[in-house]
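K.L.:
Here are the chains, one letter per residue:
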Amino acid sequence: MPGLGTSFGRGGATTAQQDLSNADVILIMGSSMAENHPVGFQWVIEARERGAKIIHVDPRFNRTSAMADIWVPLRAGSDILFLGGLINYVLTNNSEFREYVVHYTNAPTILREDFRDTEDLDGLFSGWDQEKQKYDPDSWLYKGAPTRDGGGPQPGHSEAGGGHGKDRGGEAQDAARFEWDTSLQHPRCVFQVLKRHFSRYTPEMVERYCGVSKEVFLKAAEAFTSASGPEKTAAICYAVGWTQHSKGVQIIRAAAILQLLLGNIGRPGGGILALRGHASIQGSTDIPTLYDILPGYLPMPFFEADANKFADYIKKHKARTGLWSGFDKYFISLMKAWYGEGATSENNFGFSWLPRVTGDHSHFGYWLDMQDGKMEGLFVMGQNPAVGAPNARLQRTALSKLKWLVVRDMVEIETASFWLDSPEVQRGELSPESIGTEVFLFPAAGTAEKEGTFTNTQRLLQYREMAVEPPGDARSETWFMYHLGRRLKQRAKDDTRPRNAGLNALTWNYPVEGKHAEPKVSEVLKEINGWTVADHKQLQNIQDLKNDGSTACGAWIYCGVFPEEGRNRANERKPKDLLGHGWGFAWPNDCRIIYNRASARPDGKPWSERKKLVWWDEEKKEWGGLDNADYPKNLSPDTPDDLAKGQGVEALGGARPFTLHPDGVGWIYVASGLKDGPLPTHYEPLESLLSNPLYKQQTDPAAQKKERPDNPYAQSPADPRFPYVLTTYRLTEHHTAGGMTRTLSHLSELQPELFTEVSPELAQEAGLEHGDWATITTPRAIIEARVLITRRMRSLWVDGRRLHQVGLPYHWGYKGRSKGDVVNDLLAISEEPNVRIMETKALVCNIEPGRRNERQQRKESEERAAI
Amino acid sequence: MSEMPKIRPSAAEVDSDRELKLIEIRREAEQRGAVAGKGVRPAGAPFPMASPETGYYGIPLLKEPAWTWEIPLYFFVGGAAGAAAVMGAIADYTGADRKLVRDARWIAAAGAVISPALLVSDLGRPARFLSMMRVFKPQSPMSVGVWTLLGFSGGAAAAAFAGFMRERYGPSLPLRVIENAGQAASLLFGLPFSNYTGVLIGATAIPVWNQNAGELPIHFAASGVSAAVGMLELLGHRKSRALQLLGLGAAIFESWEGWRIESRQQPGLDPLKRGTSGWITRAGGVLSGPVPAILRLASLVGGRKNQDDFRRWAAISSIAGSLITRIAWVHAGHVSARDWRQPLGIG
Amino acid sequence: MAITAFLTDSTLCIGCKACEVACKEWNGVGEDGLNWSGYSYDNTGAVGHSTWRHVKFVECAPEPGFGGNAPELNSWSFSSDVCKHCENAGCLEACPTGALVRTEFGGVYLQPDVCNGCAYCVVACPFGVVQRNPDDGRAFKCTFCYDRQKAGLIPACAKACPTESIKFGEIESLRRKATERMQELQRRGMRDATFYDASDSSVGGTHAMFIVRGDPRTYNLPPKPEVPTTYLKKAWTSSAIAAGLLLAGSVIAFLSENRSNGR
Amino acid sequence: MRSNPQPDRIISAQKIFLRRGTLEASLLTDLLSRWPLIQQLRTGADGTGSEAMSEHTRKLRPKHDGAEVTPSICPYCGVGCGQLVYHKNGKLISIEGDPNSPISRGHLCPKGADTYELHTHPGRLKKVKYRRPYSKQWEDLDLETAMDMVADRLWESRERTFQETRDGESLMQTTAIAHLGGATLDNEENYLIKKLFTGGLGMVCISNQARI
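Chains as they are written, first to last, in the numbering used here: chain E, 194 to 1060; chain L, 78 to 424; chain P, -9 to 253; chain C, 239 to 450.
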């Protein structure tokens, strides 16, 4: 979430799905929302029926395009060029929302003199270290910001690890000495730098390299930018069609810039809605099962000189102004929630018990270690990497190198049975007799068979109650973790080695109930919400947290979800209004649209009657309106800021809506917190048919290819063996890797087989017949699929030649009712620099008629002949 | 269908006239599945289309009849039995040969037993037949037919049984009452029973059937008569002039019916003329119409020995023709249901 | 009791098939085969004994700059099909057992405990909706969720439909809604929007009405469905003539035979 | 349409009446107790209305009539649709949309609409399955035994691979044991996973589907 996190402060959707109905224009890009979020899409339809224009940008004409007013087909992987084109369109036509931009964004902030843009360095920003293959981002900072060698607090650039810890961005940047030019004329102010940065992203460039004709681009650009200003707003919806690129975070950054320029953040009908593909994908980063963050986006301690000690760690991450000034409160309360009485100020609240991050421990990072035989055990809970993860073949073979594997799922998924019927075993490359992995497959409870909260795509916590007991030995993960933890704590009880100090201190006394001794889930939620240590009273909100160890809180951002004994706000089900207040609990503080201070003018009055949301109530002397204010309730709009000396949120004054940032404004330019540049820049996908038309730098310099013999790449640009662009996606009828849908009759029958979508032109060129078989090849694998020839796939006219795109839904695997080849076998493991996501939406392939086996045999015989 | 808007391919798209031409060809190909121009066939085309010209991917709009093999056989048996009952009763009333009356009754009675058995077999379980008696719906030919079948079966079986008892144990008043009442009932119900199956399939959504709703009952009646006559002749009544007359009449009508089917130009009748169902229809028609007609005419002029042979062959041909005709109509119904053009009014 | 109906508006349908699944889940209808058709995204084909709701996918030729909602160009439409619950229902009239009944809500309900599988309704339906389940022997079709309606609940498909493309309600108010919607679509320039309820045919209107883009035949909606009872008069007249001919023929034949035999 | 009967699926009206004998009994009672034909003769009805309704039809109620209702949330995507779970005597009856939800307003997509089948389909696991190293097959395992074994493996691997310090600095980690998954789990579950695995055991290789 650093895309949103660095731009606005929080790594979550800024708005609620219902609020889409207030929009005047909705741009859906990087998402087939109608297909993958059909029920959320009702709000888009509602907006459309009220007169809003829907723009859908997608390589394929899919079910979302079928509902849109404007469909823009573009070359997969050229998103930043397109969005940059829109930004340039706004800037050249002076159609930005000037008042908003001046007051609520960092457009006026002046940059350092040694900053160099990609325009100067042919695709690189200043600070690129060719040897280390990474940026030293010091020169990206604002003028007047403290620097590493300039004394004072260090700027927030971590040496190690990934970007999740950077979600909030710009930690400890002191705003004391920033300089601004509110006329936006200073040549080094963010606004002018932005103008220059995107000056070459012209409609002609878009036409030539995105494959979008000028006419169509201008139609979309006019429609989108028209919804700006006091009376109108536009919303943007995206999903993994943006994120799963080697530069995914920067694509989202481009959208953030666009929305800040148009003044669409924090306002009704505006915002950026990140559409999550799983029930609690937002929740699983808020309370992360991720390596580099702790609950509430607190960074994990990295093994590095300047932050291995408690005091350094706090100092590094605590800000003087804005909400992050409470960093020590959030962290110490978490330690109290985990280690209870064991966490004391004497032992730094158990800081030394936390493991240190020493490298890339993300999925792909450790999976390659696993493939190299460096891992012993693995727990997989509710995920199916044998089908669902890139280079799935490598995912499966790595499993065979483990000593033991624990899988928990509702059905026997491919990951659990990789040793039995994977394609490798079927082809005879591996055999069960040669695989030493011990496998435990535990039956898991379904959602109706356990209780707990999901956090949905709009940061809304919703509680599920248990309806029935799970069948047989199926149990919830709560049960599994609790009873596993109980066993381990029992073992460690009398072991006083340092390694067990944390385990022994860990509070693990959840009451159990029912015939299966199920831990009481509401008790866990209460711990997440937090309580006072002395008398165990539930905390009401974030302001109650203390840094002296007198409060415990499992996730500070969720504080308020269980504000008093017997009141679980996630389980409240009486919605009062469109935004759904009274139904569930949205973090933070039940704000449904965050940064909503921006829905009012600097003086506290709504921008317009039509677009009012939160405003200053002169009589009550507080922020009120249609949503809970995402702002200190009584901080009046005329309060002057005190960035130079003040402390906390109050130092931001009354008109700086982005309270997590030390300067309180939205960041058009991200001075710190990102690993691949302060501004989005067009780079080609790791595998591309084209040379980067804008710069010498072909791909995102900081992206990692993880290239190795078992993770090979095509030459880029333009590998003659792979002349087509490949993009993968999902269908309404199935869910991700299919474990929850391919096993069911009523869904399998609706999409029973893997197919590939191609244009008639490509069919002609490649000799494909409708309904027949095709073989699709990448450097990683070869798979087969049925051919669906459709005009919905366009071949595009790009840089003077026809460019064909191949579409493949990726749901199938080798188990379940409906089976098919594993599309993810085709993909490479690659890592976007900030969040380490793989590139699935734009790569290259070849497609030929015929079935896989025929192809494979022919290929093998050719190889033999060559030898 | 709305008019296809004229959308100018964008500048980037068109590098030459060739591109424009290709786009046009593409459109044409998609819409028709083929391109009129010489030597052009876009790859993959024709891909499946849903359009006013093709219907919904050519998926049949109607459902095919779900009847199993018992039903055409039932049409045949019922038709013959009904006609036999009518002939038997009239023969009785007009004082014809007793043996002929008795044989006709037996044919009717056999039909009365076999018909429900075939229906039950089609339904799968005897109890299901009970459902038929829940209601009487004059607007449902099936309901009317079932009640007719019940009346007919009861009557025909009673008449045959009473006649048998009378011949075996001598006459008695109760037997005579039963025999006469049964015969009257079999006559009364036999008349509709011999042809209602024509109504049954005529009043349906299947085009080839409902387009012939006005002729099917007569056609089926003639077919039934022809089969009944044939059966009686095979039982030895090859000298009966009445049977010869009835058989000849039916054969002539069937010949006319065959000619009518062949000559009418109506796409809905295609299943009766084309493909397998067409050939079955033709075979049934020839065996029911011209063949027995010619044989019967020949028997009129031929010698005594030939006369018998001709009539035997005419009988066999009629029976086979009647059976095949019923199979043909049901088969044609299947073919017709599969043709999406008819109900959509295309072609 | 209110007379109810469906109005299925394909300009709102996103082709998600939730109606198909919700129907099967509620009514316990089984899977009907894992066949990939290649007919766009439609792998169901048609309504039948094991599919009571069915979403049709009609592909045309999309152009850049035009979404499916662009009034000038119909590019990819979806329309959810269902039993029409005809005003004059062929199946209902044809059923010899009384298994098919007209409910108090105006729908046509097939009582599974009464149906004996005679399959006459199958050939009596001008929309090809009813079908006999070969394993079970009985016919099945959409129940209009009679069980749910009796309890005041809306049918499962309409309830699930994410975009309320399937509307359910009192028939007259739905007709008004349809008229308004048609006017609205015309106003937007969507001149190919068509309302279909077969009210100008012998079917006399349906309780499942549709708004589609383009010619209804594209969606296998027959332009002139006929309820088979319209053929009854012709057929029974023919039957009477046939009976008359048979009777007369027999009388003449046997009288002539007796005369020739010299009696 | 090809037909694939599923004998192991519990199915409503259709299948209940498939049982031999039931149909006959019901029909006979129906015929004997109130013969629709008599009603027809008495009222002149044409056999298409209520006179033709069976007892079963007259008594027809929704299958979840009288069931308990538990509010829930759809397990599939991130939209977060409200669901109502109907159950009776510990058995699921149906799962449908919750009309009160301000997000979904009672609607569900095909996946959400199939949640009942997700819970009840015959392919669901009910026992722990265990595969020995180099074995060619699964075997069943008792749940408590499996838990003990997993605790053993985890403990032993951690013992073998734990590093308390590096260069004299606190490290407290093991990188040889990993966890994957979380986006389909509850917050409370993720919380316990992170708390035990990272906070208690020093596992740093923790990852899930969530990225941006």
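Since the hints were derived computationally from the structure, they do not count as laboratory data.
We put the CB at the ideal spot given by N, CA and C, even for glycine.
Treat the hints loosely; a few may be bogus.
Stated by the list, open to error - Straight-line distance between alpha carbons at most 25 Å, and here's what the computed BS3-like set of lysine-lysine pairs gives:
(1) C:K374 to E:K594
(2) C:K329 to E:K708
(3) P:K140 to C:K301
To be verified - If you anchor each label on the Cβ, the simulated ranges turn out as follows:
(4) C:E306 to E:T725: 31 to 39 Å
(5) P:R177 to E:G759: 33 to 41 Å
(6) E:D315 to P:E174: 47 to 55 Å
(7) E:R995 to P:R177: 46 to 54 Å
(8) P:R178 to L:I423: 44 to 52 Å
(9) E:E757 to P:S163: 44 to 52 Å
(10) E:E962 to L:L374: 34 to 42 Å
(11) C:R398 to E:E622: 28 to 36 Å
(12) P:E174 to E:P704: 56 to 64 Å
Said to hold, decoys possible - Which chain C residues face chain P? A few, computed with CB under 8 Å, are given here:
(13) N327
(14) G328
(15) E334
(16) C347
(17) A389
K.L.:
Kindly indicate which numbered hints from before are broken by the structure, ordering the numbers from low to high.
P.N.:
Failing hints, ascending: 5, 7, 8, 10, 13, 14 and 17.
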